[in-house]
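Going line by line, the protein sequences match chains A and B.
Just so you know, my numbering puts 9 at position 9 of the first sequence, and the rest follows in order with no gaps.
Just so you know, my numbering puts 45 at position 45 of the second sequence, and the rest follows in order with no gaps.
Honestly, the hints are just simulated from the structure, not real lab data.
Hints are not guaranteed to be accurate.
[Said to hold, decoys possible] Simulated DEER-style distance windows between Cβ atoms:
1) Leu93/B - Asn175/A: 36 to 46 Å
2) Glu29/B - Ala75/A: 28 to 38 Å
3) Gly66/A - Ala98/B: 37 to 47 Å
4) Trp100/B - Leu159/A: 14 to 24 Å
5) Thr154/A - Ala43/B: 16 to 26 Å
[To be verified] Every beta carbon over 10 Å from chain B, so not counted as near; a handful from chain A, in silico:
6) Val5
7) Asp13
8) Ile15
9) Ala26
10) Ala29
11) Arg33
12) Ala34
13) Leu56
14) Val62
15) Asn80
16) Gly144
17) Gly153
18) Ala155
19) Asn163
20) Arg190
For each residue, glycine too, the CB sits at the ideal point set by N, CA and C.
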Amino acid sequence: MANAVLAFSYAKDDIVTIAGVFYAIAAYAAVRRAVVYARSGGLSGRSWFPRRLLSLAAAWAVRSSGVHHVVNEHAFRTRNRLGGVATRVAPSRSMALGPTAAASDRHAAERRTGQSDAEPQSGARVEVAMVRRLIAGCASLAVGLPGVVLALGTAVMMLGAVNDSPPWWRVDPVNMSEAAALRDQATSWR
Amino acid sequence: VRFWYLDTGLPTLSERASGFLLERLEPDELQRRFGESPRLFYAYNVVVAVLSVLFSEPRDGLFVATRAWTRSDVHPHAYLAVGSSVAMTLLILVAAIAMWRRRRQLERPDRLVGVLPRLS
């Protein structure tokens, strides 16, 4: 809220990014409370609850995966901005940019224009207890499974990055014309 | 740091484009619409910043999903972002209301929920 007020003169999502952290903490507390409530029997007989939780967790897992796409996009922009900074800091082809960059500098400058606890039950209530336990167990699984799958997938892909095949940050080799057409100024500079 | 150490302040209406409802306004248009009384625009910016955290919309001041919906061109990711955010915000709201109604000894996660509106 403080960030939103301090930046009253313009709207920019980056400004309230820190609020996302507190939103995540609140989301954790709310989901935990829902799962605990389910375990206590508060949602006995409501089999839709684990399904809803699974859907919600899966949606956020997919969104989290999308974050990588956004990070990739930002990395691309930042590379290009840094290329522009290098131009302004060393406009006369200094050695900091290297001889190769110096050679292509003139051309690049031209292009720049652009959660089960057991519940004691007996007799006829055993079945009810079983159902409660089942729902509670499913709820925990529904919350955790998508994130675990996402984490494992990310780990596998990161291992791929070690072997020079990063799925999100792959930089295909392009020639100067293709780099210019893609507005890939950083590659042009390199 | 921004206001005292760097002393850069905030950009004025004439310095950058900004989203407003369903359209993106260039500095000239911002000046023309809000130059005389920018308070409405400033209030809008504060409100949309909070809404963007709770509902994923608007983005950078622009109601992107709503605009896409009016054009019958909603990307599936928009449904995912807005749907998951609305559902989670409702869950947080229900949990907060339940916590408030019971008025029992707060557990640590409950206290964290209480922290959200103060710090976000």
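- Is it the case that valine 5/A keeps its Cβ farther than 10 Å from each residue Cβ in chain B? For valine 5/A, whose nearest Cβ neighbour in chain B is about 6 Å away, the distance does not exceed 10 Å, so it is violated.
- Item | arginine 33/A non-interfacial with respect to chain B [C-beta, more than 10 Å] | The assertion about arginine 33/A is violated, with a minimum of 5 Å to chain B.
- Task: Measuring Cβ to Cβ, find out whether arginine 190/A lies farther than 10 Å from everything in chain B.
- Result: holds (30 Å)
- So the hint says 16 to 26 Å: do the beta-carbon atoms of threonine 154/A and alanine 43/B match that? violated (40 Å)
- Task: Please test the hint of 28 to 38 Å on the beta carbon pair from glutamate 29/B and alanine 75/A.
- Result: At 32 Å between Cβs, range holds.
- Item | Minimum Cβ distance from asparagine 163/A to chain B greater than 10 Å, as the annotation requires | holds (29 Å)
- Look at the Cβ atoms of glycine 66/A and alanine 98/B and judge whether their distance stays inside 37 to 47 Å. violated (31 Å)
- Query: Non-interface claim for alanine 155/A: all C-beta distances to chain B beyond 10 Å?
  - Reply: holds (23 Å)
- Item | Closest CB of chain B to the CB of glycine 144/A still more than 10 Å away | holds (16 Å)
- Message: If I take the minimum Cβ distance from aspartate 13/A to any residue of chain B, is it greater than 10 Å?
- Response: violated (6 Å)
- Taking the shortest Cβ-to-Cβ distance between alanine 34/A and chain B, state whether it exceeds 10 Å. violated (7 Å)
- Quick one: are tryptophan 100/B and leucine 159/A within 14 to 24 Å, going by C-beta? Distance hint for tryptophan 100/B, leucine 159/A is violated at roughly 46 Å.
Hint compliance for this structure: hints 1, 3, 4, 5, 6, 7, 8, 9, 10, 11, 12, 13, 14 are not met, and every other hint is.
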